[in-house]
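Protein sequences, first through last, are from chains D and H.
The opening residue of the first sequence carries number 1230 in this note's numbering; numbering runs sequentially from there.
The opening residue of the second sequence carries number 2 in this note's numbering; numbering runs sequentially from there.
No lab work stands behind these hints: they were computed from the structure.
Note that beta-carbon positions come from the ideal geometry of N, C-alpha and C, so glycine has one too.
Don't take each hint at face value.
With a straight-line cut-off of 27 Å between C-alpha atoms, the simulated BS3-like cross-links for lysine-lysine are [unchecked claim]:
1. D:1264 x H:321
2. D:1239 x D:1410
3. H:171 x D:1282
4. H:321 x D:1284
5. H:321 x D:1357
6. H:95 x D:1264
7. H:321 x D:1239
8. D:1373 x H:106
9. D:1239 x D:1284
10. H:53 x D:1264
11. D:1282 x H:321
12. H:106 x D:1410
13. H:321 x D:1410
14. H:419 x D:1284
Far from chain D, some chain H residues (derived; all Cβ distances over 12 Å) [what the hints assert, rightly or not]:
15. 136
16. 152
17. 213
18. 284
19. 292
20. 322
21. 352
22. 366
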Amino acid sequence: MQPLNTITSKTVVLPVENVDTDQIIPARFLKATSKVGLGSKLFADWRFDAEGKPKPDFILNRPEAAGATILVAGDNFGCGSSREHAPWSLTDYGFRAVISTSIADIFRNNSLKNGLIPVVVDPATHAKLLAAPGATVTISVEDKTVTLPDGSQVSFPIDPFARYCLLQGVDELEFLLSQDKEIAAFEARQSR
Amino acid sequence: MKPRTMFEKIWEAHLVRPATADTPAILYVDLHLVHEVTSPQAFTWLRERGLKVRRPERTVATMDHSTPTTPRGRDGKIPVLDSAAAAQIATLEKNCADFGIELHKLGSEGQGIVHVIGPEMGLTQPGEVIVCGDSHTSTHGAFGALAFGIGTSEVSHVLATQSLLQQPPKTLAVTVEGQLRPGVTAKDIILAVIARLGIGGGTGHVIEYRGSAIRALSMEERMTVCNMSIEAGARAGMIAPDETTFEYLKGRPRAPQGAAWDKAVAAWRQLPSDPGATFDREEKFDASTLEPMITYGTNPGMGMAISADIPAAANATAQKALSYMGLTGEKRLLGHKVDVVFIGSCTNSRLSDLRAAATVFKGRKVADGVRALIVPGSQRIKKAAEAEGLDRVFTEAGAEWREAGCSMCIAMNGDQLKPGQYAVSTSNRNFEGRQGAGGRTFLASPLTAAAAAVTGRVTDARDLI
C-alpha cells in the first residue's frame, strides 16, 4: 500500500442517505477472482442504463466530477454487504476519501485497508459540503482534519493504528504476522 | 467481580492481546467460514507472501453465492453455465485443496448456504468467535457465539494468523417480552426491530436479544433474528445459550461428544450475561402487539405492519425509495400485485421455514402469472424436506423446488428478478437491484411470502391459515 497523508481535491456530492454496498458495486460483478478493474463497475446501476450507456444526470457522468478524489455522501454510507469490492471499486475509480455523517462499520474497516479514508464529520460541516459540490477541501491523515474552502477546519476520528498504517503505507497483516509468539501462546492456553 | 455481558465474556476469553493506546485488540478466531465470492483474492495474497493457513482445521468452506440452484441433470450434477461463476467455483476448489481446507462443494451432501451448514453440522457452538467474509455471519450469534462479517483483507488475516485486529464495539440490549400472536413469526420480530432502530441505528454495536419472546424461540427462529442484525447496522447479534441451544446441538456430528459434551455444556451455562450487567443502550419491544411485517422501501429499515399505510416520504432519500418501488401515491401495500415469490436465503431457508410455507401452499395453487421459487438452505434440508413430502406440496401447487444456495437473495447465480418486477422475499435485503437490476423487493416472513404466491397479491397470511 502507498503511504497516504494529505489529499486536496474538489468534491463530488452524492446527497443520498444509506448508500449500500450493492449500489456501490452490484453483486453480479462479484464473480471476479481479482480486484483489478472494478472501477468500471462503480455505481453501475446508477451510472449506466440497461444498454450500458452512461446516464447523463448521474453525478459521476457529469463533466464537473472529472478528476475529483473526494466523495461526499449522505448519512450511513456503505451499509449492507461486507464486500470489499466496494472500496476496491471506489479506489480503482480514483477516490481516496469518503466524507459523511456516519459510515457503516464493515465498509469503514475495509476502506482503511485499501487507502480509502473514511471521514465522519458533524452535521453542520456535512451540510456545508453538501451545499457546495465541487468545493476544494483538504484532508490530512496526519492532523486528522478536514479543511474547508473558507479555511475552517474540523477534526475527524480515526483509529490510531489505522492512521499509522495509512501514513506509513504498511498493512495490518504484517503486524499480525509479527505477533506470532503471542498468538501461539494464546493457542497453548486455549488448548489446556 | 463486575457483572459482565455475554459479549464481554466471549471477547475477553479471546483476547490474544488487549488493546493498547497505539494498537487495537488482537482477537482469536475459533471458526472461520469461507465461501467462493469473498475469498479468492485472500488466497492470492497468501500465495504472494508465501504464507500457509495457520489453522486449516478451524476453517471450513462451502459454495453458495454464485452457484446455480437449477435442478440436477441426468448425471446427478448441477450444471454451472456461467463461465465466471464456474471459474470462481474452480478457484475455491483449488484453494481448499492447496491449503488443506475442508470444502463442501457444489452437489455434495454437505453443501449449502454457509450460515445454514455451520449450525447444521454442529460447528457453530456457544462461546466461539466465528467470522466469515459475509455480513450475515451474525446468524451464528443465535447460539451465544460472537459472530460477525469481515472483508476480504481480514479473511487473509484470519487465514494467515487465525486472528483479527479489533476495536471493542458497544453493546445494545434488544429486549422482547410477551407472547407472539398466531401468524406472527421471528421474521416479524426482527423486521419490527430494524424498523424502529433504522438501517444505521445499530452501527458500532453488538446486539444481545433478550426477554421472554426471544427465549421462547426455536434455534431456527433465533437464527432468523440474529441473521438480520447487520440490517440495523450492528456487527453482530447474539442470544444467550439455554436448553433449547443444547438440545439442538446434542448429537450433531461436530458438536462435542460423551464426556466432552458434559464439560462443554457446563462451560456454556456460564456464558449468559450476569444479572446486573450493563449495556451501553437498551431498546424494549412488546411481542404481543407485533403484527406480520413487510418492507415497502429500499432498505430493510423501511418496514411496517402489513396492513398499515405506507409512510409518507420524509425526505429526498425516502422519496427516491418510493419512486424506485413504484409506490409514489400508493396508500397501502395490502393487495399490491406480486410477480415473484422467493422463499429461501440464510434468513429463512431452514426446515421450519419450509414447513410454515407449506401450510399455506397445501391444497392451493400458485396464482396465475406468479413465479414462486422455494430454495432450501442446504442439501441436508432439501433431503429432510423431501422425506416429509414438502417438495410435493410445493410442486403440486406450481412452485419451483430448487437446489440449495443463496439464489435470488443475491441474484448473482442466474436466479433474478426482471426489471420492474415485484417480489415478496423471505431474504434480508430490499436494496435497489438486490434481486436483479430494476427488481423491487418486499421483505416478509415465509408465511406472508407463501400467501402472496397463492393470491398473487400482498396478503395477510392470517386470512389463509
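Checking the smallest CB distance to chain D, is residue 292 of chain H really beyond 12 Å? holds, 24 Å
Next pair to validate is residue 419 of chain H with residue 1284 of chain D; report whether the Cα-Cα distance is within 27 Å. holds, 20 Å
Can you confirm whether the C-alpha distance between residue 1239 of chain D and residue 1284 of chain D stays at or below 27 Å? Between residue 1239 of chain D and residue 1284 of chain D the Cα gap is close to 22 Å, so the pair holds against 27 Å.
Mind checking the alpha carbons of residue 321 of chain H and residue 1357 of chain D for me, to see if they're no more than 27 Å apart? Between residue 321 of chain H and residue 1357 of chain D the Cα gap is close to 22 Å, so the pair holds against 27 Å.
Would you check the hint for residue 321 of chain H and residue 1410 of chain D, treating anything up to 27 Å between C-alpha atoms as holding? violated, 53 Å
Compute the least Cβ-Cβ separation between residue 136 of chain H and chain D, then decide whether it is above 12 Å. violated, 4 Å
Determine whether the non-interface label on residue 213 of chain H survives the test: each CB of chain D must be over 12 Å from its CB. holds, 30 Å
Proposed proximity, residue 1282 of chain D with residue 171 of chain H (alpha carbon, max 27 Å): violated, 44 Å
Quick one, are residue 1264 of chain D and residue 321 of chain H close enough, alpha carbons at most 27 Å? Distance ~31 Å between residue 1264 of chain D and residue 321 of chain H Cα, so the pair is violated.
With the threshold set at 27 Å, check whether the alpha-carbon distance from residue 1239 of chain D to residue 1410 of chain D stays at or below it. Measuring from Cα to Cα gives roughly 46 Å; hence the hint is violated.
Distance rule for residue 152 of chain H, whose beta carbon must clear each one in chain D by more than 12 Å: violated, 4 Å
Holds or violated: residue 53 of chain H and residue 1264 of chain D, Cα atoms, limit 27 Å. Holds, at roughly 21 Å.
Consistency note: the structure conflicts with the earlier hints numbered 1, 2, 3, 8, 12, 13, 15, 16, 20.
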